[in-house]
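Listed in order, the protein sequences are those of chains C and V.
Under the working numbering, the residues of the first sequence are numbered 365 to 468, in order.
Under the working numbering, the residues of the second sequence are numbered 365 to 468, in order.
Be aware that a few hints might be false.
Since the list gives no way to pick one copy over another, a pair counts as held whenever it fits inside one copy or between any two copies.
[Said to hold, decoys possible] Below 25 Å or equal to it, Euclidean Cα-Cα: the simulated DSS-like pairs (lysine-lysine) are: (1) LYS419 with LYS389; (2) LYS389 with LYS449; (3) LYS436 with LYS449; (4) LYS419 with LYS449.
By construction, these hints were calculated from the structure, which means they are not laboratory data.
Next come the chains, spelled out residue by residue.
Protein chains: 2
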Amino acid sequence: MTGRGKGQLVQVEIYGQRYTLKATKDPSWVESIAAHVDRKMREISASTPTVDSLKVAILAAVNIADEFFQLKVEGEAIEDRIAEKAEQLSDLLEESLRERGGRP
Amino acid sequence: MTGRGKGQLVQVEIYGQRYTLKATKDPSWVESIAAHVDRKMREISASTPTVDSLKVAILAAVNIADEFFQLKVEGEAIEDRIAEKAEQLSDLLEESLRERGGRP
Chain C
365 MTGRGKGQLV QVEIYGQRYT LKATKDPSWV ESIAAHVDRK MREISASTPT VDSLKVAILA
425 AVNIADEFFQ LKVEGEAIED RIAEKAEQLS DLLEESLRER GGRP
Chain V
365 MTGRGKGQLV QVEIYGQRYT LKATKDPSWV ESIAAHVDRK MREISASTPT VDSLKVAILA
425 AVNIADEFFQ LKVEGEAIED RIAEKAEQLS DLLEESLRER GGRP
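Chain C with its partners taken away, still in its complex shape (with noise of 0.2 Å):
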């Protein structure tokens, strides 16, 4: 989103600074991402004794990537699941193809 190429700039404030930022999306969505970054900057200013908004920005940028993460560990665990189930709605499926086929 912050890379070269095509889209709209939108301007938006996080921690009390103006940044430019480019929306490959509807700039609404970017406006939303700024928000959760401002949100997780101040939650992490109002907890930790710290006034180095360096500091504060990278612990917004672990905590963001931690729930990235973790989302992206729930998702794979999902898919599994997911892939187990078809497997043994197939094997069901074969199943009763085979009792039917076996039916008068």
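Following the hints, put chain V in place on chain C, whose structure we already have.
Using the frame of chain C, we list chain V on its own:
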């Protein structure tokens, strides 16, 4: 992960600075998250004409939040598809049971 409470302290290096983070999970989880943030900051630094570490950290946080929300939207779409398939399957099962019940 950066809040108060139980957890092992882990030293990590992000963008040339050492930080002490609290690992509520495996310390290697924290290390891989820190490595992800470090990698993002270096990617942004290489593609953005800025020497401001705060800006780099905030753009990294924005970038990671973008990935997080994309994954969330994809996950929700998958959940919707699963719910739809489960309903179709349920209808199919009921129909099949009715059909069997109707046979001699």
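Checked hints:
1. LYS419 with LYS389: between (29 Å within a copy, 22 Å between copies)
2. LYS389 with LYS449: Intra 35 Å, inter 29 Å, cutoff 25 Å: neither.
3. LYS436 with LYS449: both (20 Å within a copy, 22 Å between copies)
4. LYS419 with LYS449: Neither: 45 Å inside a chain and 46 Å across chains, both beyond 25 Å.
In summary, the numbered hints that this structure violates are 2 and 4.
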